[in-house]
Amino acid sequence: MDQEKRNLTRNKGLAWVSALTLGAGAAGAVGAVAIAVTLPQSIVASNVSSAAVARTTSNGNGSSSGVSSQDDSSQDDSSQDDSTSQLQPAAPSQAQPAAPSQLQAAAPPSNTNNPPVATSGAS
Amino acid sequence: MSTVSTKSTVSTPRPTTLEGRRPRSQDSKGHRSPGLHSSAWNAIGTTIRIVVTDAAQLGSARAMLADDLAALDVACSRFRPDSELVRIEATAGHPTAISPLLAAAIGASLRGAQLTDGDVDPTVGRAMETLGYDRDFASVPARGGALRITVRHTPQWQQIELDEVAGLLTVPSGVRLDLGATAKAWAADRSAQRIAGELGCGVLVSLGGDIAVAGDVPPGGWSIRVQDVTGDPFTPAQGPACLVAIGEGGLATSSTTARKWERGGDLMHHILNPRTGWPAESVWRTVSVVAGSALDANIASTAAIIRGTRATSWLAMQGLPARLVAVDGSVTTLAGWPEVSS
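As given, the protein sequences belong to chains G and V, one line each in that order. Quick note: numbering that gives the first Met the number 0 has the first sequence finishing at residue 122, numbered continuously throughout. Quick note: numbering that gives the first Met the number 0 has the second sequence finishing at residue 341, numbered continuously throughout.
Calculated from the structure, these hints are not laboratory results. Note that beta-carbon positions come from the ideal geometry of N, C-alpha and C, so glycine has one too. One or more hints might be untrue.
What the hints assert, rightly or not - Pairwise CB distance ranges (calculated):
#	chain 1	residue 1	chain 2	residue 2	range
1	G	N112	V	G335	14 to 22 angstroms
2	V	A55	G	S100	39 to 47 angstroms
3	V	A165	G	S109	37 to 45 angstroms
4	G	A106	V	A55	26 to 34 angstroms
5	V	A91	G	N110	49 to 57 angstroms
6	V	T234	G	S100	25 to 33 angstroms
7	V	A165	G	N110	24 to 32 angstroms
Claimed, not checked - Simulated coverage check for chain G against chain V, where a stretch passes if three residues somewhere in it have a Cβ under 8 angstroms from a Cβ of chain V:
#	region
8	101-107
9	110-117
To be verified - Chain V regions said to be covered by chain G (calculated; three or more residues, Cβ under 8 angstroms):
#	region
10	41-54
11	218-231
12	243-256
13	278-289
14	327-338
Please construct the entire structure, taking both the sequences and the accompanying hints into account.
Structure follows, in C-alpha cells:
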C-alpha cells in the first residue's frame, strides 16, 4: 500500500514536472512567436536610429541635431512598443561631440604674389 | 587699394593708441595689398590679427573680435582661477551646468579627439601641468630642475560626458581639461563668421596663426605666409617659409618650435602625446594644413605632429592640403598644396 502511494506520488510529481516542461516549452514557443513578431519592428527601429545618428553626424558645425533627429524618428514610427523604445538609446540621448565622419576639406591654397596680410606658424 | 597695419602693445585693444601705422597703400616693403585693412594686438596669451576688406568696418570688427576673445578667456582659460573651466573642477564627477560658450568649445575639442582617434585629447591638462606648463606661457620658467613623474592611468576623452543641448558637463574627478589645442581655431572660425555676417565684408581672423576667413574674398585670395613662428607679416620670416592664398575655410600651423621649455635637461614643448603624457616626438618642426575651417585645419595639423612619421599617410587619406617641414628643413607637400611657393 505504501508502495502504491509512493508510486502515485512519484507519478503525480512526474506529471507536474512534465506539465512544467510542457508549459515552459509552450511559453518558449509563444516567446519565439513574440520575438518573431517583434523582430521586424526592432529592425525598423534600429534603422531609424541609425538614420538619426547619420543625420547627426552629417552636421559639421559642432551643433547638436540629435534631439531633433530623434523627434523625427518618433514621428516616423509612432506605434513603436516598449521593446522598440528601449532601442532608442542607440541614438544618443545626450549630445555627443558633433561628429561628422571626417575633417572638412577645402580647396587647396594657391601660389600668390600678393604681400601677406597674416602669418601662420607656431605661437 | 590700401593696406593699414596697426599694432598695439596692450592686451586690451584701444584703437586710439595704436602704434606702427603704415601708409594705407603699402606694407613695410612697399608692396601693395588689394584693399585690405588690418589691426593686431596681444590677447589670450598670443598675437591677434584681424584683416577686413572694408576700411570703414575695421574698428567695429576689431571691437567684436576683442569682445569674443574676452568671453573666450573667461570661459576657457585654464590659467585664470575665475574661469568657468577652472571653476567646474569643484564639481568633478557630477553633471554641472555650463555656459553655451564653454559647451561648444568643449564639444569642438571632443570632436577633434573623435576624428583623430584620441591624438588631440582635451584631457591632457594635468599632464601639461606636470611637465611645467601650469601658467600663462610667458610666465613659465625657461629652465627648471628634473621632473618627478608619477605613472598613472592616462585619462581619455571618452570619460567626458557633454550634453550640449542641456548644457551639462561631467568631468571625472582628477581630470583637468586643456582646450589649448582647439579653442583658438574654433574661436577664430566663430568670430570670422560672426563679423562677416554682421558687417557684410570679408574678414580674416588670426589667433596665434590659427586663421579663419569668411565673407568676401579679396582679389587673389587671402595671402598668408606660412613660417616657423607666427609674426608680423610685414617682417621677413625666420626659417623656412612659403606664401599661399586661400579663399575659404581656414589654415593652421602646429609646431614644436615654439612654447618650449626645459626641465632637468629635457626639452619640452606644448604638444603632448595623450598616450604618454609626454611631448610628441619632434619629427616635424611645423605642419600646416588648409581645411574647411580653422578648427579642422588645426585638428589635422596637431594630430600630424603627434603622429610623427605616420602623419603623411594619414593626412593624404584625409585629403587635406598640407605642408610638413621636417626637423632638417626638408619640405613635404600633400593634396594639392603648391609644391613650389614663393
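> Hint by hint, which ones does the structure fall short of?
Replying inline: 6, 7
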